[in-house]
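Protein sequence lines, in the order shown, are assigned to chains S and R.
Position 96 (the first sequence) corresponds to 76 in the working numbering; numbering is contiguous.
Position 40 (the second sequence) corresponds to 94 in the working numbering; numbering is contiguous.
Bear in mind the hints are in silico, worked out from the structure with no lab data behind them.
Hints are all accurate, no fakes.
For lysine to any residue, the following SDA-like pairs were computed, each having C-alpha atoms within a straight-line distance of at most 20 Å: (1) R:K111 to S:T82; (2) R:K151 to S:V75; (3) R:K151 to S:V31; (4) R:K151 to S:W77; (5) R:K151 to S:Q53; (6) R:K151 to S:V40; (7) R:K151 to S:N12; (8) R:K151 to S:S47; (9) R:K151 to S:Q25; (10) R:K151 to S:R22; (11) R:K151 to S:S38; (12) R:K151 to S:V76; (13) R:K151 to S:A19.
None of these values were measured; they are calculated from a predicted model.
The chain contents come next:
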Amino acid sequence: SQTIHQWPATLVQPVGSPLSLECTVEGTSNPNLYWYRQAAGRGLQLLFYSVGIGQISSEVPQNLSASRPQDRQFILSSKKLLLSDSGFYLCAWSVVWRSLNTEAFFGQGTRLTVV
Amino acid sequence: GQNIDQPTEMTATEGAIVQINCTYQTSGFNGLFWYQQHAGEAPTFLSYNVLDGLEEKGRFSSFLSRSKGYSYLLLKELQMKDSASYLCAIPWGGGFKTIFGAGTRLFVKA
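Isolated chain R (complex conformation):
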């Protein structure tokens, strides 16, 4: 089956760096997505990893290790607006279905 684990909550300070981890189990890997979701809003796409390694996109980077079933999202130079939930997701079932983790709620404090 498919399973995704993420920490429930994290707190970090404005200007700092935070790493949000995600471990997954799936049969047939088709990549891993990260989404950001502000309270009461829809998720928005952040990154997609299908090969091992680090993908950098501005202040956000995402890392993938397929052999370990592990990914992390790295947020640099944290801003107050980064306070949100971060969802790890994996497609399966031929890619037509996407399973989402419960999300990690990040609180950025001044």
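Okay, chain S solo, but in the shape it has when bound:
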């Protein structure tokens, strides 16, 4: 069966510090991978998605970057965190079946607080 691991679950970081969140998927090959951010009481905002190794699409201009060094590994990074980067970050995967994107399966999420 497929599983997705995301860590850490919670993180408190000072302004200006770097960030690295990691996500790995097991039990599937060549998944589409996503990073979402959710502000309190809001919907999910798509930050990045990837359809293959080294292929990253950015949805919104921001202080963050993403990388996919391996097929089932997706990393969210920042060189210098801002207060506005605080939020609930979710990694997700899906596959394309008959030209349609299947449902997304989410990691447990990382609650990031920048202080």
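Given chain S, work out where chain R should sit, using these hints.
The following block gives chain R in isolation, referenced to the frame of chain S:
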């Protein structure tokens, strides 16, 4: 562009039926998803509609009308554990991107 509208909050009584509506605008329809999200947790998949009509799955059913840009999630025999946010979502951009609504927070009271 793409847009999704859902009511912000709803309250219902345990054992009752509740309908959560979602209206959307998109260019190039590729189906509609419903997810459940408990506070502080990740969303989990509930249903997917790509054709018009009602899809039933246990206590949960989802309806779609593509001509009206409208969907609803129907929850029957409500239980306290159904208190959660319910997110409507539509894929676009060739299906690789999924846009989520802000979600409807459902409160189930005894």
